[in-house]
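Using the sequences and the hints, build the whole thing.
Take 1 as the starting number for the sequence shown in UniProt numbering and just add one per residue.
Calculated directly from the structure, the hints in this document are not laboratory data.
All residues carry an ideal CB built from backbone N, CA and C; glycine is no exception.
Be aware that a few hints might be false.
[To be verified] DSSO-like, lysine-lysine: derived pairs with alpha carbons at most 27 angstroms apart:
| # | residue 1 | residue 2 |
| --- | --- | --- |
| 1 | 117 | 15 |
| 2 | 117 | 2 |
| 3 | 2 | 15 |
[Claimed, not checked] Label-pair ranges, simulated between beta-carbon atoms:
| # | residue 1 | residue 2 | range |
| --- | --- | --- | --- |
| 4 | 146 | 31 | 31 to 41 angstroms |
| 5 | 10 | 81 | 32 to 42 angstroms |
| 6 | 108 | 7 | 15 to 25 angstroms |
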Amino acid sequence: MKTLTNETLAELSAKAAAAPRLRAHHNLHEQLEDDIQRLAIAMEPDTYVRPHRHANSPELLIMLAGALDWIEFDAAGETVVARHRLGEGGARVFEMPAGAWHSVISLEPGSVVFEIKRGPYLPQSAAEMAAWAPAEGEARVADMLAFLRRCQPGDRFA
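See the structure below:
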C-alpha cells in the first residue's frame, strides 16, 4: 500500500526548500518505465519550470497543499492564452490536454501538486521545451520568473 500523509507532504516540502532547484518529488510508481507516472511534486515560490509540453500525454494535476498558477501558451508556445489557479481560490483538480504548452508558478511555500501522466518517463527533448524561454541556470531565468508571476492572456516574454 502506498500513501501520502500530511507528514510526507511536510517532509517533501522541507526537501524542496533545501534543494537547489526548490523542487522535490515523491514517486508512487515503481519504475521510470511504468505505463502511468504518479508523483507528488513540492515546489517553492522561486522554482523555475521552463515552459514546455508533453506532446503525447495529457497531464492530470491534483493540488494537495498550497497554490500554483498553471500558465498555458498558444500552439507556437509563445503567447499566454490562459492562466488557471490551482489550490486555494481555484481548482483542486486540473487536466491539460496532450501537447499544451505550459508552465507553472508556485504561489506559496509548501505547495505540493500530485501529477499523473502517461509513461514511461523520458527526459524532455529540445522539441518539447520552449526555445524562446531560458533554460535552467541561464541569466534570464529571473526575468522569466517575474514574467510568469504577472503574465496574463495576450502577453509574450520579451
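Taking the hints in turn, this is what the structure says about them:
Using a Cα cut-off of 27 angstroms, the hinted pair residue 117 and residue 15 holds, with the two alpha carbons roughly 23 angstroms apart. Taking the CA atoms of residue 117 and residue 2, the gap is about 18 angstroms. The hint holds against a cut of 27 angstroms. A threshold of 27 angstroms between alpha carbons decides the hint, and for residue 2 with residue 15 the separation of about 20 angstroms falls inside it, so the pair holds. For the hinted restraint 31 to 41 angstroms between residue 146 and residue 31, the CB-CB distance of approximately 38 angstroms keeps it satisfied.
Between residue 10 and residue 81 the beta carbon distance is about 35 angstroms. The supplied range of 32 to 42 angstroms therefore holds. Between residue 108 and residue 7 the beta carbons are some 19 angstroms apart, a value that agrees with the proposed interval 15 to 25 angstroms.
Violation of the numbered hints given earlier is absent; every hint is satisfied by the structure.
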